[in-house]
Amino acid sequence: MTVPAASMVSPASAALVHGVGDRALTWIDAHRDHFRLTPEDRATGSAMIERLKPIGELAVNMQVLFREGVAGSRQRTRAGQLLDFTWRELLDGGNVLAALQHDEPHSPVPLEVYAHFHELGHRHPGLEAALEAARRTTTWTTLEMVPNRRLGVLNAERKLGLAPSADFDQALERTWLGQLPEPWTVQLHIAYDITHTVFHLTDWGEAPDRIPPAIADYLSRYLPAWMEDWAELEHWDLLGELLIVDACLPRPTLDARLWQRYAAAQAANGAMPIHHAMPQGDAAEVFDQVHHPTLVAAFASAMATSRVLSGDAR
Amino acid sequence: MAEQTQGAVALSAVIADAATGVALALQGGGDPYALSRILRQDDPLAPAAVRVLGADALAPYALEHRAAPGGADDEAVVRQTLAAYPPGADASAVSAWSYRGLVEASHAYLPVGDQPWPRPPKAGSDWIGTDPWPKLAHRVSQLAALALPGLAADLADQLAARTDDLARGFVRAVRRRDWLQAAGVGRWLARLPDVPPTLGLDAGLAFVRQMGGADPRVALHVVAARRFHGRGW
Chain A
1 MTVPAASMVS PASAALVHGV GDRALTWIDA HRDHFRLTPE DRATGSAMIE
51 RLKPIGELAV NMQVLFREGV AGSRQRTRAG QLLDFTWREL LDGGNVLAAL
101 QHDEPHSPVP LEVYAHFHEL GHRHPGLEAA LEAARRTTTW TTLEMVPNRR
151 LGVLNAERKL GLAPSADFDQ ALERTWLGQL PEPWTVQLHI AYDITHTVFH
201 LTDWGEAPDR IPPAIADYLS RYLPAWMEDW AELEHWDLLG ELLIVDACLP
251 RPTLDARLWQ RYAAAQAANG AMPIHHAMPQ GDAAEVFDQV HHPTLVAAFA
301 SAMATSRVLS GDAR
Chain B
1 MAEQTQGAVA LSAVIADAAT GVALALQGGG DPYALSRILR QDDPLAPAAV
51 RVLGADALAP YALEHRAAPG GADDEAVVRQ TLAAYPPGAD ASAVSAWSYR
101 GLVEASHAYL PVGDQPWPRP PKAGSDWIGT DPWPKLAHRV SQLAALALPG
151 LAADLADQLA ARTDDLARGF VRAVRRRDWL QAAGVGRWLA RLPDVPPTLG
201 LDAGLAFVRQ MGGADPRVAL HVVAARRFHG RGW
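Chains as they are written, first to last, in our numbering: chain A, 1 to 314; chain B, 1 to 233.
For reference, chain B alone in the conformation it holds in the complex (with noise of 0.2 angstroms):
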């Protein structure tokens, strides 16, 4: 048990110092991203951490100009990852989901080297329809690498209905202040085409990462919704 937690806490500074260099990464500071120099191949805890990151851990790729094509090196990390950690048959929709965007992150991103990636599971999709908002904004919220341009295109289609449901689960995590949450409904919205202007999603991610920002996924999830959605500031 002691075990264990001792394991989490090491995963969460592994993750919490990935998540701060892809920040720094999409806000264009220091040398070009790889994420072999975010997370070190050796680390018995990389593979992990990608899986936690999901496609955020690709996110810097995303950007023109600002890395260099993702080496070996990470794409090794990223095949492991894939295949330490598939979606069992009765894995959640955000486990399917998230491993999902990494498949498709690797896919747009990495290059095509000798191996092809596998192809994209399918992930069901029926709660997007049929979940009551806050369990929405929540699942959402999880899948906010997701967000990322050009990926689950038919997710961002879908979620374009919810788009007043999902503003609600941003009011209600920043009243919560659970600002995990409230940045990442709030990354997803910036992406949606008709988010209300009465909900102030710009000044409200800016206040997120003002309150929440110590949390290095919060910064991430604010920096990523300004950087490929301009919103915030």
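The shape of chain A in the complex, shown without the other chains (with noise of 0.2 angstroms):
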């Protein structure tokens, strides 16, 4: 059985979706020196795991810039010249991955992040020498982690060849969403658990195919009641989480009113706040702040251009 989309919705224009990544990308262009490690980030492991986060995030995103195309080739010439930068000057062609690796030899960080950039068709064979050897440990199949998390990993396994760590399926299973609870007991973590299972199934919104028809009929019925209420909240980060979720739903309702609200959001300079209004302070705090929800926006464009370009919304 399918769902019924949710009624009376009309989808946004390219124009709309569209314009929302392409600010994102110049604020995220314009603030790249800020995802730099500086040496005291280094000097120590734990500080620098911190520091990671966003490169990390950054080059998810900018692969799925690259990868979905959509954006026009300007746009995919400077996500390519992101994910460069990337990979030369923030991860110095990947030694710092392969520093970390061996400063915490059983941390799945440096693989998850790896991962994206193999697939680009950038190497370090020293990190893979040390992931292997991690990876022979019953330690790396029993690292405790939360359900949605140990699918990212499984993932970033699937993008690098490697043999899966665990049963994919029994990983799904044992997250929120895997089990279809009450939607209305959704709250902020939980829709971040959600967001999260998603991206990890669909190989970041690369495949959504993969996402078995009960979910996909679950997440169609009660998606637009969540997207609903975090954009009442102003929760831009969720929201532009949740959008992304929208566009890799089999009738994705890239919903028009939703999506103004969200554009309505974005700073004349293309960042996006994570909640209410833009944060004031130095720029590095404000970097601090807005940079994830920036990459979510330039994310949840890129996803949901293709779809609009592809006439898929109901």
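Honestly, I wouldn't trust all of these hints.
[As the list claims (entries may be wrong)] Listed next, the stretches of chain A that the computed footprint assigns to chain B, with coverage defined by at least 3 CB atoms under 8 angstroms from CB atoms of chain B:
(1) 162–170
(2) 225–233
[Unchecked claim] The following residues of chain B were derived to be distant from chain A, with all beta-carbon distances above 10 angstroms:
(3) 7
(4) 113
(5) 167
[Said to hold, decoys possible] Not everything, but these chain B residues come out facing chain A in the computed CB check (under 7 angstroms):
(6) 122
(7) 165
(8) 204
No lab work stands behind these hints: they were computed from the structure. Note that CB positions come from ideal geometry on N, CA and C, so glycine has one too.
Hints given; two lone chains; assemble the complex.
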């Protein structure tokens, strides 16, 4: 059975959806130096893990733009340049990841970041050897982590062409979304668990058809309610992630009204606030707060533009 | 202004008491139900309270064996209400439908006396097909009393086509902690035939009652969903 889409919803125009991503990418490009690790970051492993997170996010989001190609050749070029910048300058050709693996030999973080670059053709044999040694341990398969994170590790292994360290379907079943619980219990953290499960399940939107029909039906039914609510709460970071999930569904709503509100929240320079309005403060503080929602905006825009252009909306 | 505010407060209190009385009767507690027992006929606010409760004022009569047939006193207060608050030509759909619900309930549950009951007025239903889901859910929650069995059959048929939209409305209402809306939409969902099992309506109604049941109208909707449609626990 297919779920009727939310009724009386009109899809957004390509110009509206594309504009959000174009502005976001301009901001990201203009602020790329803020992603750099400082010598102090590199001195301590734990600080480095913390600072590596935005770099990993930059990588995955630029990879989506590069892949979707719907943003036009100019944007694809910029996304490609940012990926090169990330690999060569932020990650020192993978040496930063190898150093981190050396510090924490069984951390899955370097694998998760490396997977994107490996797919783009970059290689770091030393890191691969370290990962191979780590992956042969029982610890690797038993590291305690939340279920949707486990999907992320499995997806990274899949991207690298490695044998999976666990059964993907079983791992999916262990997630919140995999159990299809009562949709009215969803709160902020559960909502992020849902979006991340979908990101890993679909390999960041590349394979939306990997969403099992029961989960696709469930999301088609209840996602509109969550999007509506977090739009009213002006939680733009989460709304952006939910809009990505929408764009991964067999029949996305691409709701024009929600996209208009989302676009209206974006600052003139392309930054997207996390919640309500843009934060005030010095450039570094503002960067720390808005880089994630702005990367999400670029991701959501690329996915949704792709779906709008292929006329998939209901 | 102060008088109006005081009047509104007094009316809310009368409605709350009456809703509590109806809910108790639906749960099978106390003496056989009589509307005239929970709303004194000489209370000047009684007709307004009946107008707000709509068909729910007569809900216990929809139960078999639980109530003595409505008596002359009940009939009098309902007739008074119908005469005092007819929906005007420009009345909202909610107002027209809730009035219609009271008329239908009078036909269904009160004895025909010497005087016939007015015919159910026409109420527009275009909105069922055209409202975006958040607006639809809000309106439907305001018409929760019409979810009584046997009433508004055509409304129920048309709403069945929008079950998923109402499920979305239930989720949103719970998220917003709008318990009255959640209870009203949940009560309608309890009547509809194909509610998606993933909604978890039974646990949802219980949750709404737990969180919002201090409002007697919330409790009434949840009790009615349980009593008439077997949903919730």
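Hint check results:
1. 162–170: With 0 residues in contact (Cβ-Cβ under 8 angstroms with chain B), the coverage given for the region 162–170 of chain A is violated.
2. 225–233: holds (count 5)
3. 7: Residue 7 (chain B) is indeed farther than 10 angstroms from all Cβ atoms of chain A, at 32 angstroms.
4. 113: holds, 44 angstroms
5. 167: Non-interface label fails for residue 167 (chain B): nearest chain A Cβ at 6 angstroms, not farther than 10 angstroms.
6. 122: Status violated, d = 24 angstroms.
7. 165: It holds, given that the least Cβ distance between residue 165 (chain B) and chain A is near 6 angstroms, below 7 angstroms.
8. 204: holds, 6 angstroms
The structure fails to meet hints 1, 5 and 6 from the earlier list, while all remaining hints are met.
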